[in-house]
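Whole structure, please, built from the sequences with the hints as guidance.
Spelled out from the first residue to the last, the chains are:
Protein chains: 2
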Amino acid sequence: MTGPIFPPGFAEQLDTLLTWRRDVRHFQTVPLPDGTLDHLLDRAALAPSVGNSQPWRFVRVLSAERRAAIVAHVEAENRKAAAIYRDETRAAYDALKLHGLQEAPEPLAVFCETNPAAGHGLGRQTMPETLACSVVMAIHTLWLAARAIGIGVGWVSIVDPVAINRLLDVPEDWRFVALLCLGYPAEQHETPELVRRRWQDRLPADQTRFTR
Amino acid sequence: MTGPIFPPGFAEQLDTLLTWRRDVRHFQTVPLPDGTLDHLLDRAALAPSVGNSQPWRFVRVLSAERRAAIVAHVEAENRKAAAIYRDETRAAYDALKLHGLQEAPEPLAVFCETNPAAGHGLGRQTMPETLACSVVMAIHTLWLAARAIGIGVGWVSIVDPVAINRLLDVPEDWRFVALLCLGYPAEQHETPELVRRRWQDRLPADQTRFTR
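Same order as they appear, the protein sequences are chains A and B. Residue numbers in the first sequence follow the working numbering, run continuously in steps of one, and reach 203 at the last position. Residue numbers in the second sequence follow the working numbering, run continuously in steps of one, and reach 203 at the last position.
Watch out, some of these pointers could steer you wrong.
[As the list claims (entries may be wrong)] Pairwise CB distance ranges (calculated):
1. A:Arg157 x B:Ala196: 22 to 30 Å
2. A:Asp33 x B:Glu94: 29 to 37 Å
3. A:Ala59 x B:Ala196: 25 to 33 Å
4. B:Val186 x A:Asp6: 26 to 34 Å
5. B:Val186 x A:Gln19: 18 to 26 Å
6. A:Asp6 x B:Asp192: 32 to 40 Å
7. B:Glu56 x A:Leu53: 23 to 31 Å
8. B:Ile75 x A:Arg189: 36 to 44 Å
Because the hints were derived from the structure by calculation, they are not lab data. Glycine residues also receive a C-beta, built at the ideal position from the N, C-alpha and C atoms.
So this is what it looks like as structure tokens:
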């Protein structure tokens, strides 16, 4: 069997996608077209998973009340997180917009089934965390598929995972992985916001690559 | 600023890439061209990371002695993992080839720096595991960039993480995430090996998607 044939330039276009992906915190409020979320979740389901366990559980947040409760929770956790910074670092932190939960048209919570029947345990006996790794790759797949059709994704991580399970009334054995915001970006940037705002530049290659 | 312009058909070609990605366990032994690994690691560095912390640490395994020690370790762990299965499930498990560590031209171990200076702690106060999530997205980025130029990647997870730190002599505060095999695939398949061998089929969408 022969593999897929990509047209000339595909690898370079993929580079463009990776370069422009962005963690989006500034959204337009216009809703996604009908069926778009399911289209993206179909792509996410193509992600690799340990033993083909597919442990991703996606929860679309439709209730305005639940969204408001999540926003209040994130704001409270963010005030605590901000308290570790002092002086100019604190001022820089406070100036960052860390999530677009209020305006993004499609908030999506993502969980990991911690003991899935699917996969029959294959590949995860010594490293059960590979289940969560599988969920993260599904999120990243969704992220890239979204960006390829002009939709931005932001990952909100300043939350207490247990609180999100409670606020969304999902089973205790689903481990919270990420709270995502999906929507059309209000701005387009080739450079990450944290680089533009001089919070953290990219690292030189020799700080992350080694040989043995 | 306007965003990237993708040519017509790009989203469909990305679908093809996602569909044909595969976890590769059957490799040709032909080496990767000079510079290819660095090219792929440059792409991996475009992955999202919490607070732009870039906590990925890639270790290229060049030493034949270290590779042999890793293979012996994986085989020993796999014998233990196999012991949980009985009868026909055990026979099916034993028939699976779970890694291509012996023949793949480029074994690559991936770790997570658990307390990186980069990022100044942003975004990970409540969920320190977002560092490992960042590393996983770098791995997935490398995986897709590799497949786009015809190179396969396999993720070996049946290892004791602490043993790999010791076998590769890396710092204790690097958390082992994955052992990857890179090389040209010996076979091309549109369907995952675990589906073809009837170990685990894909799940229907309604088992992984919910609303609240």
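Against the structure, the hints come out as follows:
1. For A:Arg157 and B:Ala196, the hinted distance range of 22 to 30 Å is satisfied, since their beta carbons lie about 26 Å from each other.
2. The hinted range of 29 to 37 Å is satisfied by A:Asp33 and B:Glu94, whose Cβ atoms lie roughly 34 Å apart.
3. Against the hinted window of 25 to 33 Å, the Cβ-Cβ separation of A:Ala59 and B:Ala196 comes to about 28 Å, which satisfies the hint.
4. For the pair B:Val186 and A:Asp6, the beta carbons lie near 30 Å from each other, so the given range of 26 to 34 Å is met.
5. Distance hint check: the CB atoms of B:Val186 and A:Gln19 are about 39 Å apart, inconsistent with the given range 18 to 26 Å.
6. Distance hint for A:Asp6 and B:Asp192: a CB-CB separation of about 34 Å, consistent with the stated range 32 to 40 Å.
7. In this structure the supplied range 23 to 31 Å is violated for B:Glu56 paired with A:Leu53, their Cβ-Cβ distance being about 57 Å.
8. The hinted range of 36 to 44 Å is not satisfied by B:Ile75 and A:Arg189, whose Cβ atoms lie roughly 51 Å apart.
Violated hints, listed in ascending order, are 5, 7, 8; each of the other numbered hints is respected by the structure.
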